[in-house]
Every structure is written in C-alpha cells, then in structure tokens.
Amino acid sequence: MTTEEKDLLVRALGADEPPLQLDLDALESRGQARRRRQALLGVAAALVGVAGISVGVMVVAGGHSAVDSAAPGSPLAPTERQIGYCYRTADIGSTAPNQHIAIGVGGRDGRVDLTADIMQICVDSWQSNVYDFQPRQPGATSYRIPQLVACVLTSKAVGATEGAVGVFPGTANTCAELGLPVAQL
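In this text, residue positions in the sequence shown follow the working numbering: the first is 1, and each later residue adds one.
Listed next, with one range per pair, are the computed distances between beta-carbon atoms:
#: 1; residue 1: V123; residue 2: A77; range: 14 to 24 Å
#: 2; residue 1: E177; residue 2: G139; range: 30 to 40 Å
#: 3; residue 1: N98; residue 2: R35; range: 53 to 63 Å
#: 4; residue 1: R136; residue 2: E177; range: 26 to 36 Å
#: 5; residue 1: D124; residue 2: T95; range: 18 to 28 Å
#: 6; residue 1: V158; residue 2: R34; range: 47 to 57 Å
#: 7; residue 1: G104; residue 2: R34; range: 47 to 57 Å
#: 8; residue 1: P75; residue 2: G139; range: 34 to 44 Å
#: 9; residue 1: S69; residue 2: R136; range: 39 to 49 Å
#: 10; residue 1: P75; residue 2: R34; range: 56 to 66 Å
#: 11; residue 1: E5; residue 2: R34; range: 20 to 30 Å
Hints are computed from structural coordinates only; laboratory data are not their basis.
Just so it is clear, the structure is predicted and the values come from calculations on it, not from any experiment.
Even for Gly, the Cβ is constructed at its ideal location relative to N, Cα and C.
Starting from the given sequences, assemble the full structure and let the hints guide the process.
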C-alpha cells in the first residue's frame, strides 16, 4: 500500500483511531496466494473427477461400445437410428468414391428414425442406379438389384457412424464376414 493510500485510509477512519500498524501488502499477498491455491485445488479436483468417470465408463463398457463388443453375425438393434448407409460393395475399409452413401431423412423436427426404411431406400437406389453402383447402360431406367443385407456398423467402418445400419450386397453371412452384427430392423 502506498503512502497516499495509507493517508487516505487515516482520513477516512479519522485521526482518533489508533495508529494503523497492519502490513496490508503482506495480508493482500497471503489472500492472493490462498485464492490461487483454492483455484488450483478446484481444477485438480475437476480433473480427478473427469478421470474417475472416464475410467468408470471404460470399466463398465469393457473398453468397447456395445456395438464393437457384439459377436459378428449376431443379431443387434442399431443404436444410431437417424442415419444409414447404402454400400456399393461389402467392404467397410474402402475409401473409394461412392463406396457408401450416407442416408438421412429430414422431418419437421430434424432427422427421423429411418431404420425401418433403410432397406427399401437402398433397394430403390440400386434399382435406379442413382449412386452409380453399377455401370451405366444407355437408355436403362431400371437396374439389377443384388441380394442385400443390413448390418450394424462398428467403429471399424471407415467414414461411417458407429451403431448405424449399413446395407451391403450379400447374404446374412456377409455381416459375419465383415465382423459386423446383423441389424434387427
């Protein structure tokens, strides 16, 4: 505290008060140090809490999501119901153009559950060849529809949402071969 500040304090309190013998600078420094310690303790406690919750979630989940933990070829309900994918080939690791097309249906309140419709959407896409999954034929209005199967995508599916439905050309064995559960639609 400067001399001016001390003089101002004496004038404010009056001259009849006992002389001010407090080291206000030291008191202020201790207060700041205490506030810093409290802030650091708060941050440390928050970090410990977040770490504890994260470890708890990993222990409960076994380090994997329910989708990743499902046995390949076993039936499983999709956990992500507002997006689905139509695949050109039975390959979840490909980054080729048009390997898979994301499908989302908008509703008045945003995206809607499309799991019940994803097979038909993909059938229609193959039939009209809208995504060029098949070579174009001049004058063709309808294309061959391969046998299709719906699987639940895991975190291994490149560029796709885990837990969503992926519709592939193939049979029920295709899901197991890809390491995916079969979608319960």
